[in-house]
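*Asks:* Between the sequences and the hints, there should be enough to build the whole structure, so can you do that?
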Amino acid sequence: MIDLKNMNISKAHDHLMKGDFKAVELAQSYLDRIEKSDHDINAYLEIFSDVLNQAEEADRRIAKKEGGLLSGIPLAIKDNILIKERKCSASSKMLAHYVAPYDSTAVKKLKDAGAVFLGRTNMDEFAMGGSTENSAFGPTKNPHDLSRVPGGSSGGSAAAVASDEALASLGSDTGGSVRQPASFCGVVGLKPTYGSVSRYGLMAMGSSLDQIGPITKTVADAEIIFSVIKGKDIMDSTTMETADLKTADSKNIRIGIPTDFVDTEGIDETTLKNFNDSLDKFKSMGYEVKNINLPNVKYSLAVYYTIMPAEVSSNMARFDGLRYGLHVSGKNLIEDYFLTRKAGLGKEVRRRIILGAYVLSSGYYDAYYNKANFVRTLIKNDYAEAFRKFDIIATPTAPSPAFKIGEKSDNPLEMYLSDMFTTPANIAGIPAISLPSGFKAGEKNLPLGIQLMSNYGREDILFRAGKDFLGE
Amino acid sequence: MIEIKDIEKLAELSRINVSDEEKKTFLKDIESILSYVDQIKTVVGGADMTMSRQGAELVNIFREDKDCHDSGQFTEALIESAPEKENGYIKVKKIL
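Chains A and B, in that order, are what the protein sequence lines are.
Here the first sequence stands for residues 0 to 471, numbered as in numbering that gives the first Met the number 0.
Here the second sequence stands for residues 0 to 95, numbered as in numbering that gives the first Met the number 0.
These are calculated hints, taken from the structure and not from any lab test.
No incorrect hints appear here.
Some but not every residue of chain A turned toward chain B, in silico, with C-beta under 7 Å:
hint: 1; residue: S236
hint: 2; residue: Y304
hint: 3; residue: F337
C-beta: ideal position from N, C-alpha, C; glycine also.
*Replies:* Right under this line is the structure:
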């Protein structure tokens, strides 16, 4: 019996190399666990039928000493990241039967490193949502409390890791979709620097914001996966050459707290207390913690809900029912479009497309889209200024712990507000990590998270501080 | 203020059929989202939008138009995804 609860990537790697167990046995343990608990949690849309074959191949590589750090490591992949010749639906009826004709770059790199893919995980349709309730294939439940959401949009990826149904997973983060579910499920989630991980083969949502990131049980695991998937890619022109990770020193790390922004109406009292306790922990470890004023960061959510729908309305135009995905036939070509998009796209997706068309339309373009881009620059400048004096900016990851299923599904604005602390990092393009910071006082099954942000390309500082915080 | 006819126009531009009931819901939702988003209008500045485009930082990132892959190399795999196809082409309804 392999102890999945206390397993992490480095441990599993050591065991596999020493021959304590084989990749096939490890994969089987995860399949057994999925069999036992995923009926309740619904983290997966599909468990691949060839998991054990993949693991056998990993065992062969390990036996020949060709194995990398991820050889035989069982991972779950969010269903908007393409794996060649497998279904990839983005949890949408539009792509329910779509089969990926190529590998995304992130997946290709994981394959080359020997990883085993267990299956594809549930998500909000096309990554639009913060609860995984917008999946066309039913919601995922929070493993800590089945009456609550796991967060979103990468809810399946976070729930799978939190319930030991995968050792680690990939998600995508446009406004918090890796970090917020990681926080709700009590695991680690990293949104890397914009441009550090290729989005080739990631279904586009908000192209100036999207980034693929790992969801893991430890900070060290997030670092391992990030090191494998990062790097310049000719297939994604926004990628940059990333230098090898620097190694930050715990000494002299300065944390800035945007107090005005954090201590705001709408933040849950016990979440705020947990955040302050976490800061005390950092102080006790010798970190310098000081207040900082980031005057424009409070506009991030408003900027996000202008720029993101604009980009969504453009990115979603590709679903015309002709080239791939669902096709509903009408009287003529234009009717094909209308019928296909009505049948294939869920309510939140259609709402964002219409909102995006509005902020881009003649007469409103300057007032909304252009203005949002201007404020975006001010927000970037706030951070640039802040990182002259601080190494990290910290906030809670979300203003509250996981909410009940159905609690916010009829009120989109209410749902959007749970992104208030995560959107700034996407707006500015900086890296951010969510770390589990304990539980809501008096409730042992409501995890909370702290978010750390650093300057462009300085994931190493996040890893250093994260390991210190979690005692790794 | 946004009205039902605006929602209808936007839905038409977006090639989406929206039922009468959904038009009302979308109107209410979008009004409430816009009332939140409107706070960006209070930020002073931004008249000269060219400043925010970061145009000056952009360089041409397209590859040279040479050394392409062989013609037809990916055709079959890509056409395979199309709902309607014939002889290596995607089939659509007559436009004219």
